[in-house]
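Protein chains: 2
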Amino acid sequence: MESTPSEISSSKMFGGYNKRYKHFSPTLGCSMTFYIYFPPSPSPSHKFPVLYWLSGLSCTDENFIAKSGAQRAASTEGIVLIAPDTSPRGLNVEGEADSWDFGVGAGFYLNATQEKWKNWRITLTSTSRYLPSHQLPIPINCPWGQKAFTNYLGPSKADWEEYDATSLMSKVRDVSATILIDQGDGDKFFPDQLLPNKFEEACRSANVPVLLRLQPGYDHSYFFIATFIDDHIHHHARALKL
Amino acid sequence: MESTPSEISSSKMFGGYNKRYKHFSPTLGCSMTFYIYFPPSPSPSHKFPVLYWLSGLSCTDENFIAKSGAQRAASTEGIVLIAPDTSPRGLNVEGEADSWDFGVGAGFYLNATQEKWKNWRITLTSTSRYLPSHQLPIPINCPWGQKAFTNYLGPSKADWEEYDATSLMSKVRDVSATILIDQGDGDKFFPDQLLPNKFEEACRSANVPVLLRLQPGYDHSYFFIATFIDDHIHHHARALKL
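Chains as they are written, first to last, in my numbering: chain A, 1 to 242; chain B, 1 to 242.
Just so you know, not all the hints are guaranteed correct.
[What the hints assert, rightly or not] Restricting the straight-line Cα-Cα distance to at most 16 Å, the calculated cross-link-like pairs of lysine to aspartate or glutamate (EDC-like) are: (1) Lys12/A - Asp182/B; (2) Lys19/B - Asp192/A; (3) Lys188/B - Asp159/B; (4) Lys12/B - Glu162/A.
[As the list claims (entries may be wrong)] So these bits of chain A aren't anywhere near chain B, every CB distance computed over 10 Å: (5) Met13; (6) Lys67; (7) Gln71; (8) Gly90; (9) Asp159; (10) Leu168; (11) Gly184; (12) Ala202; (13) Arg204; (14) Val210; (15) Ala226.
[Said to hold, decoys possible] The following label-pair restraints were derived from C-beta to C-beta distances: (16) Gly217/A - Ser45/B: 15 to 25 Å; (17) Glu201/A - Ser99/B: 56 to 66 Å; (18) Asp231/A - Thr113/B: 48 to 58 Å; (19) Pro42/A - Leu91/B: 48 to 58 Å.
Rather than coming from a laboratory, the hints here were simulated on the basis of the structure. Note that the Cβ used here is the ideal one computed from N, Cα and C, for glycine as well.
Whole structure, please, built from the sequences with the hints as guidance.
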């Protein structure tokens, strides 16, 4: 199979293009797809800043591109959007599709160390300066986190902390750009799974500027994301000094 | 089954709510769903103008609500959006699901006269002044139209003309509001099926103001619709003098 990405679809939107690519990933050991939104370009060689959108549980590379409407602001700001898929596909690992919050389609951005899940190597290696995500990496102190981290990384909680945003915050230095988080207070996963207040506390302890906005009545859906995505695109554009 | 619509989901978006309802339709003889977007309301008894979105082939009541982003402009303009489903569902009429462009999921807004398809009674009866659609009613002089009209209405072309926008244009009087049409010139159905130029000609012959905009490079997808939907919402708001 070909590891060079080949274009499998292209649709114009807001003057730019949503393009979907397919390639064989030697890292994951399977064929993968991803979407890129290219804003209108002043010249064929123009270089754009890039934002990565990391989707969550049950998503593919398609949800954000089809439902968020982020391309509107990305078009006016001149930002490329990249939406990768959320897990390896088609490996037929036993139990990979037994539950919706683990295995296939579960957006845990980590490199598994347990033999059974060794193909789950989905951290991003990138030279881009920004990696926005529509939700915090799943925290270790919630049911989702404990299930996933135990299976992917084994029983040692010290290993889990490498992928826990709240734990990692104690190790960061010199973060000057504000971290913007929107959280619907009608999100059914808010109280027990997402724990954004713990992350906010960790940011404050580390003197990292954070703006956590509780949005009254909004749930976990793309209707919520579409409502606030423009704020996030503009936020990143300002931070990138576009 | 209950013919009074019952709410089956509600999600906040742009300050308003996407609500999906289910009801038993005595007219169609089956259970149906539809979506309504309610913009933010200044008072519980506030009355809003309504726009109906009539989806096309292969769609349900969900596509427009999930993918168009029309709620943004509907929220600021104070317009209710209603997205009905495109056909009866679950009747198990022989052959209803044999092809993607006829039967289940095919958005032909007509009252069938042929016995086999007698449940396909999906014209809208409404007191609203505007019925925008993302595509012209399928014309009779194209392959889609000839297949559908023959099956639903029988062989007489005179019966077909009742549902053909281009034919109907010769009968209208006193249309003062401009009809706005966007058409992607990269739409694979444009040359053979949609025939917007024929409709434009009919409007001009009838002195009906029409603005047909050919949009270079755009296809038939919701990426195209999302790009231009704001123009259409604002267009209707102006015509309604909101």
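ask   = Going by Cβ atoms, does Val210/A stay more than 10 Å from chain B at every point?
value = holds (24 Å)
- Task: Take a quick look at whether Lys12/A and Asp182/B sit within 16 Å of each other, Cα to Cα.
- Result: This hinted pair holds, its Cα atoms lying about 14 Å apart.
Regarding the assertion that Met13/A does not contact chain B, is the least Cβ-Cβ distance greater than 10 Å? About 4 Å separates Met13/A from the closest Cβ of chain B, which leaves it inside 10 Å; violated.
Exercise for the section: Decide, holds or violated, for the assertion that all CB atoms of chain B are farther than 10 Å from the CB of Gly184/A. Expected result: Check fails; 8 Å does not lie beyond 10 Å.
Find the nearest Cβ of chain B to the Cβ of Ala202/A and say whether that gap is larger than 10 Å. holds (28 Å)
Whether Ala226/A stays farther than 10 Å from all C-beta atoms of chain B, as the label says: Non-interface label fails for Ala226/A: nearest chain B Cβ at 6 Å, not farther than 10 Å.
- Task: Could you say whether the range 56 to 66 Å given as a hint is met by the Cβ separation of Glu201/A and Ser99/B?
- Result: Once the Cβ atoms are compared, 58 Å apart, the range 56 to 66 Å for Ser99/B and Glu201/A holds.
Practice prompt. Measuring Cβ to Cβ, find out whether Gln71/A lies farther than 10 Å from everything in chain B.
Written response: Incorrect as stated: the minimum Cβ-Cβ distance to chain B is 8 Å, not above 10 Å.
*asked:* Does Glu162/A sit within 16 Å of Lys12/B, going by the straight-line distance between their CA atoms?
replied: violated (35 Å)
Hey, does Leu168/A actually stay past 10 Å from chain B on C-beta?
-> holds (31 Å)
Evaluate the condition: distance from the CB of Lys67/A to the nearest CB of chain B exceeds 10 Å.
-> Non-interface label on Lys67/A violated, nearest chain B Cβ at 6 Å vs cutoff 10 Å.
Self-check item: Beyond 10 Å from each Cβ of chain B, as asserted for Arg204/A
Solution: Nearest chain B Cβ is 28 Å from Arg204/A, so the label holds.
Checked against the numbered hints above, the structure violates hints 2, 3, 4, 5, 6, 7, 11, 15; every other hint is satisfied.
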